[in-house]
Amino acid sequence: MEAIEVSHLVKQFGDLTAVNDISFSVPVGETFGFLGPNGAGKTTTIRMLTGISPPTSGKATIFGHDIMHETVAARQSMGIVSEISNVYTDLTGWQNMMLAAQLYRIGRSEREKNASEILKRFELYERRGDKVHGYSKGMRRRLTIAMGLVNGPRLLFLDEPTSGLDVESNLIIRDMISDLISEGVTVFLTTHNIEEANILCDRVAIIDKGHIAAIDAPERLKKTIQSVQSVEVAFLDGTSPERLDELRRLPMVNNARKEGDKFKLFTEDPTEVIGGVMAYAQTHHTRVISMTTLGPSLEDVFVKLTGLQRGGGVGAID
Amino acid sequence: MPSISLSGIEDRLSRELVAAWAIAKKDVLIYYLRPGVIVGGVLFPLFMFLAFTAGKLATPVALVPGLIGITTLFSASSIEPVSVPIERRMATFDRLLAAPISLNALVLGESLSGLIYSLLIAVVVFVAALVILMTPITNIPLIVLGILFSSLCFATLGTLFAAYPTENPGDIISMVNVVRFPLIFISGVFIPIATLPSVGQMIAYISPLTYANDLIQGGYNGKMMFHPIVDVAMLIVFILLFQLIANYLYKRFND
Ligand SMILES: Nc1ncnc2c1ncn2[C@@H]1O[C@H](COP(=O)(O)OP(=O)(O)OP(=O)(O)O)[C@@H](O)[C@H]1O
Ligand SMILES: [Mg+2]
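One line per chain: the protein sequences are A and B, in this order. All letters in the first sequence, in the order written, are residues 1 to 318 by our numbering. All letters in the second sequence, in the order written, are residues 1001 to 1255 by our numbering.
These are computed hints drawn from the structure, not numbers from a lab. A few of these clues could be false.
To be verified - Here are the simulated BS3-like cross-link-like pairs (lysine-lysine), alpha carbons at most 25 Å apart as the crow flies:
1. A/K131 x B/K1025
2. A/K304 x A/K262
3. B/K1251 x A/K59
4. A/K258 x A/K304
5. A/K223 x A/K209
6. A/K264 x A/K209
7. A/K113 x B/K1025
8. A/K131 x A/K120
What the hints assert, rightly or not - Now the in silico label distances, taken between C-beta atoms and shown as ranges:
9. A/D175 x B/S1014: 34 to 40 Å
10. B/V1127 x A/A73: 44 to 50 Å
11. B/Y1164 x A/I84: 17 to 23 Å
12. A/T89 x B/E1010: 33 to 39 Å
13. B/N1104 x A/Y125: 33 to 39 Å
14. A/D166 x B/G1170: 36 to 42 Å
15. B/E1010 x A/V167: 45 to 51 Å
16. B/I1245 x A/E232: 56 to 62 Å
17. B/R1089 x A/S136: 16 to 22 Å
18. B/A1051 x A/T89: 34 to 40 Å
19. B/G1170 x A/Q226: 51 to 57 Å
20. B/S1014 x A/H69: 18 to 24 Å
Said to hold, decoys possible - If you want the footprint, here are the derived chain A segments under chain B, 3+ residues with CB under 8 Å:
21. 52-62
22. 80-91
23. 241-251
Since we're looking at a predicted model, the values are computed, not measured. Virtual Cβ for every residue (Gly too), placed ideally from N, Cα, C.
Starting from the given sequences, assemble the full structure and let the hints guide the process.
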């Protein structure tokens, strides 16, 4: 039995199709990443998979339980960490943990034991008696995740667990996720951080505008990602179409396009391209006024994967 | 295998009740002392009482049963219209919506906190009236039944209105008030139903406060319009009706 099985799931808000006919399955024990830019439909997907939001059409099962018709059974083995740190700020950290556990009917001695262990692991135990009002953003994020773990879930939904946090909080959270993975917990994680997806996930789905563009192992995805690093360059004498063609023919340049008063050159080897551009400027008697290397952007990866041109209709994917 | 399914039901029921209680307890800890709750649930009925007393419409003693009725109405329905929108804004409401419990348990849990709040305040008013005004009492069980059932009824009413998907408590409080204020005047609380115009009398029959007030009046002065069983039965019907509608609305407005 799969931990998650999704077939032809659709969610519409009025005219807007937030999730457009996605299908995938996640085997037990896998860490599955949902990688996509803002507004891609990641949170909407999680809300449907956790039974908070009813799908417009399609079906999802969690450990074999239909989320629409056997909602309670499906939720029993889930932990949910929402993208907003939704903790009760008027309660203490400890009271928050107890409430979360009671919603799953975890008995007193077990929930106190679980809560103590988890809070220690998240370095919140010393502050457990303080109201959450006084917690920092990183502490609230950690508490939110801790609350998602208090029922010992077999399947954990993490909606952007680390976005907006500092390095140290990030590390605590990533370590914890790695531990869970080694304990055999199935994890469904959303992120717009490519590196995070690479570090943590067995497989990654790339989603944009409600469509899944690709599902692949991070290693293979990484190749795609590497090939869309880019160098942005501006010349003293502007951006002519002929120049764009010439730049495309430079060694190691996979593709090029004009962006405002700059050219953007895609490559897997930015260093080589920088050399090529400088040599090109010399031979063509112009000067480079600025040059920047850029890491792969999610948008670029998505365009590359789907073979879409910028501004082209997304409907063309199918 | 009836025994297995029975224990399954028992298991499910206890799970739902534990969760409902946890939800209620959280409301007690967080919302009981909020200014909006205090003003709507405690101060308003008190001012109403003082206004009627000062207006010499009746003696304070004669007003006590009515005061208990409207206090129950206002205090029981003052928690959820404040707590639910705030929880929507903080997204903590998603936690409750995503818990492994039925919507019925969620609605019940929310209403329980209104019920407890209302009971606490009713006890204070009851004791204060007894000590300060030395109000005579005919039948205590009727008063207890009246307070208990009307508290749950009005708490569920508050939860029902709170289903409206807004993040602003003011929106819901004003909607609840559109219902709560007219009820005071058509339910025989301060103005006897017999003196109302015939339209008013008809509306009185579909007001839960009419039946709550009847029980409480009966408990204090022995004068009743209906048999106590009718009053209790009607309040139970309203409780189930509000629970059902609330359940439907929370499902309906849930995106
Ligand atoms: N309740 C709603 N009503 C109307 N539109 C909605 C609602 N929830 C989401 N949307 C829309 O659905 C689309 C997908 O939103 P969603 O929150 O799933 O994106 P996301 O991938 O989680 O983005 P982010 O990275 O910003 O969290 C967006 O265009 C959003 O405006
Ligand atoms: Mg999101």
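Okay, the hints, checked on the actual structure:
Annotation: proposed proximity of A/K131 to B/K1025 holds, straight-line Cα distance about 16 Å (limit 25 Å). The hinted pair formed by A/K304 and A/K262 meets the criterion: a straight-line CA distance of about 20 Å does not exceed 25 Å. Proposed proximity of B/K1251 and A/K59 is supported: the alpha carbons are some 18 Å apart, at most 25 Å. Among the hinted pairs, A/K258 with A/K304 is consistent with the structure: their alpha-carbon atoms are about 16 Å apart, no more than 25 Å.
Of the pairs offered as hints, the one joining A/K223 and A/K209 holds, with about 23 Å between alpha carbons and a cut-off of 25 Å not exceeded. As the CA atoms of A/K264 and A/K209 are separated by approximately 24 Å, the hinted pair is consistent with the 25 Å bound. Distance hint between A/K113 and B/K1025 is fulfilled; the C-alpha atoms sit about 21 Å from each other, no more than 25 Å. Straight-line distance between C-alpha atoms of A/K131 and A/K120 comes to about 17 Å, which keeps the hinted pair within the 25 Å bound.
For A/D175 paired with B/S1014, a C-beta distance near 37 Å keeps the hint of 34 to 40 Å intact. For B/V1127 and A/A73, the Cβ-Cβ distance of about 47 Å falls inside the hinted range of 44 to 50 Å, so the restraint holds. A beta carbon spacing of about 21 Å between B/Y1164 and A/I84 agrees with the range 17 to 23 Å that was offered as a hint. Checked against the hint of 33 to 39 Å, the C-beta distance between A/T89 and B/E1010 comes to roughly 36 Å, which is consistent with it.
The hinted range of 33 to 39 Å is satisfied by B/N1104 and A/Y125, whose Cβ atoms lie roughly 36 Å apart. For A/D166 and B/G1170, the hinted distance range of 36 to 42 Å is satisfied, since their beta carbons lie about 37 Å from each other. Between B/E1010 and A/V167 the Cβ separation comes to about 50 Å, which falls inside the hinted range of 45 to 51 Å. In this structure the supplied range 56 to 62 Å holds for B/I1245 paired with A/E232, their Cβ-Cβ distance being about 59 Å.
Checked against the hint of 16 to 22 Å, the C-beta distance between B/R1089 and A/S136 comes to roughly 21 Å, which is consistent with it. One distance hint, 34 to 40 Å for the beta-carbon pair B/A1051 and A/T89, holds here, with the actual separation near 38 Å. The hinted window of 51 to 57 Å between B/G1170 and A/Q226 holds, with their beta carbons roughly 54 Å apart. Separated by about 23 Å at the C-beta atoms, B/S1014 and A/H69 satisfy the suggested range of 18 to 24 Å.
Figure legend: the stretch 52-62 of chain A, annotated as covered by chain B; annotation consistent (3 residues with Cβ-Cβ distances under 8 Å, at least 3 required). Counting residues of the stretch 80-91 of chain A whose C-beta lies closer than 8 Å to any C-beta of chain B gives 9; at least three are required, and the coverage claim holds. Check result for the stretch 241-251 of chain A against chain B: violated, 0 residues qualifying (beta carbon to beta carbon below 8 Å, three or more required).
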